[in-house]
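Q: The primary structure of each chain is shown beneath.
Protein chains: 2
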Amino acid sequence: MIFHQFFEADSSTYTYLLASEQTREAVLIDPVISEVEQYAAFLEQHDLQLVYSLDTHVHADHITAANELRTRFGCKTVLHRNSGVVCGDIFITDGSAIRVGELLIEARYTPGHTNACTSYVVNGMVFTGDALLIDGCGRTDFQEGNPATLYDSIHLQIFSLPDDTLVYPGHDYKGRVSSTVGQEKRNNSRLGQGRTKAEFITLMQNLKLPYPKHIDVALPANKVCGK
Amino acid sequence: MIFHQFFEADSSTYTYLLASEQTREAVLIDPVISEVEQYAAFLEQHDLQLVYSLDTHVHADHITAANELRTRFGCKTVLHRNSGVVCGDIFITDGSAIRVGELLIEARYTPGHTNACTSYVVNGMVFTGDALLIDGCGRTDFQEGNPATLYDSIHLQIFSLPDDTLVYPGHDYKGRVSSTVGQEKRNNSRLGQGRTKAEFITLMQNLKLPYPKHIDVALPANKVCGK
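Residue numbers (full-length UniProt numbering), protein chains in the order written: chain A, 1 to 227; chain B, 1 to 227.
By construction, these hints were calculated from the structure, which means they are not laboratory data.
Even glycine gets a Cβ: it sits at the ideal position worked out from N, Cα and C.
Wrong hints could be hidden among the right ones.
Here are the in silico distance ranges between beta carbons for each label pair [to be verified]:
1. B:D163 <-> A:E102: 40 to 48 Å
2. B:Q38 <-> A:V86: 48 to 56 Å
3. B:L203 <-> A:G194: 51 to 59 Å
4. A:E37 <-> B:T23: 24 to 32 Å
5. B:A41 <-> A:G101: 27 to 35 Å
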């Protein structure tokens with residue numbers, strides 16, 4: 001398979017390109033609108049056809065490139081049914097999957113950061129969006145977030161994967177690019193080391209995080225696919 | 001919306017075309033391989049682009065046109081994840097949905113005839129495949145069929161729709177083209193008139209139906225999308 005990790009510095013967002021070497025079909029996970037020229041250049045350079053753009057959730061910190069990519073490449077916009085984003089093309093639910101050549105991209109519903117968060121599993125990798133981050137997790141105080149739900153999502157849907165599964169998060173603020181399920185189960189400072197659900201809820205309820213700086217622009221834009 | 005019901009006489013199969021008047025995008029539900037020229041003529045005549053072919057399940061009585069349509073029109077093949085049909089493009093689960101212009105096509109998982117049966121709901125219509133038929137239902141003695149499961153699927157997923165919802169089945173052997181949810185709740189001779197689950201199971205277990213005449217050809221072919 002062809003794999004590439006893009007980084008958007010303003011919101012520290014990771015975008016992932018996965019493509020089939022056989023069919024040259026590609027998907028982008030969590031593309032950012034300001035980076036479309038980079039994606040286009042990569043696709044052209046590697047002779048790839050973009051067939052789907054997937055969002056792990058409705059982002060509050062950057063604007064999705066979904067609509068821009070659809071207009072430019074004719075790809076389909078994919079996100080969870082609970083997102084309420086009516087401009088999507090394919091609305092997945094837990095267990096849905098999309099095939100791209102020899103790659104099967106499986107959706108696992110992982111709500112808690114938002115009510116529509118989905119992680120995507122393919123070939124020993126999991127793209128966790130803002131559910132599980134490296135040594136952290138998404139905040140739970142906006143967009144129908146819920147710490148108890150997030151705890152269950154991470155434990156049941158992500159930590160149930162094999163320990164050597166590579167974890168690719170939606171963001172990292174310290175330059176780390178990936179982790180593993182085993183590493184996060186052991187060492188994640190919010191969820192690892194056998195932390196209980198009650199402890200996690202208390203921790204999340206006392207984070208006292210600032211109001212997200214782009215949420216008032218990003219959320220309305222993302223509800224219309226970044227138009 | 002644009003709507004057309006096709007009939008394939010050998011297996012008495014109904015195929016449905018739904019299309020957006022705005023975008024001219026179309027889907028076919030349960031297309032039959034022998035009828036591809038008819039679909040192509042209709043699409044051309046109405047200036048439509050086929051974007052998805054949907055199967056309600058892995059059929060045992062006819063061969064799907066999924067692969068033929070994909071090759072010819074570049075559409076995506078859609079069916080339930082449980083089908084085990086690895087050549088599909090989009091594997092839906094309960095609650096998944098696909099948007100085609102102004103049409104939202106919602107999947108409701110309705111197993112019991114097979115373990116991968118899905119009904120599609122759009123604009124006050126439900127396409128029930130072989131789960132609910134007019135004054136009948138699909139058999140439950142092959143392909144992981146189960147009468148108790150089918151009873152629950154029909155009651156919870158189809159009879160819970162408004163009574164005036166139009167029912168479009170996967171087959172009819174007596175020339176009837178549609179029914180309504182209310183009509184089937186009242187009068188379906190296997191499921192209507194308050195028939196209990198226990199009564200339904202006994203009835204289905206005593207049907208003594210003949211071995212399906214095309215199953216040994218159709219099933220292997222449909223597991224590879226009708227190639």
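Q: With reference to the structure, classify each hint as holding or not holding.
A: To see whether the hints hold, each was checked on the structure:
1. Taking 40 to 48 Å as the suggested C-beta distance range, the pair B:D163 and A:E102 conforms, at roughly 46 Å.
2. Distance hint for B:Q38 and A:V86: a CB-CB separation of about 33 Å, inconsistent with the stated range 48 to 56 Å.
3. Taking the beta carbon of each, B:L203 and A:G194 are about 53 Å apart, inside 51 to 59 Å as hinted.
4. Judged by the Cβ atoms, the range 24 to 32 Å given for A:E37 and B:T23 holds: they are separated by roughly 27 Å.
5. At roughly 31 Å, the beta carbons of B:A41 and A:G101 sit within the given window of 27 to 35 Å.
Violation of the numbered hints given earlier is confined to hint 2; every other hint is satisfied by the structure.
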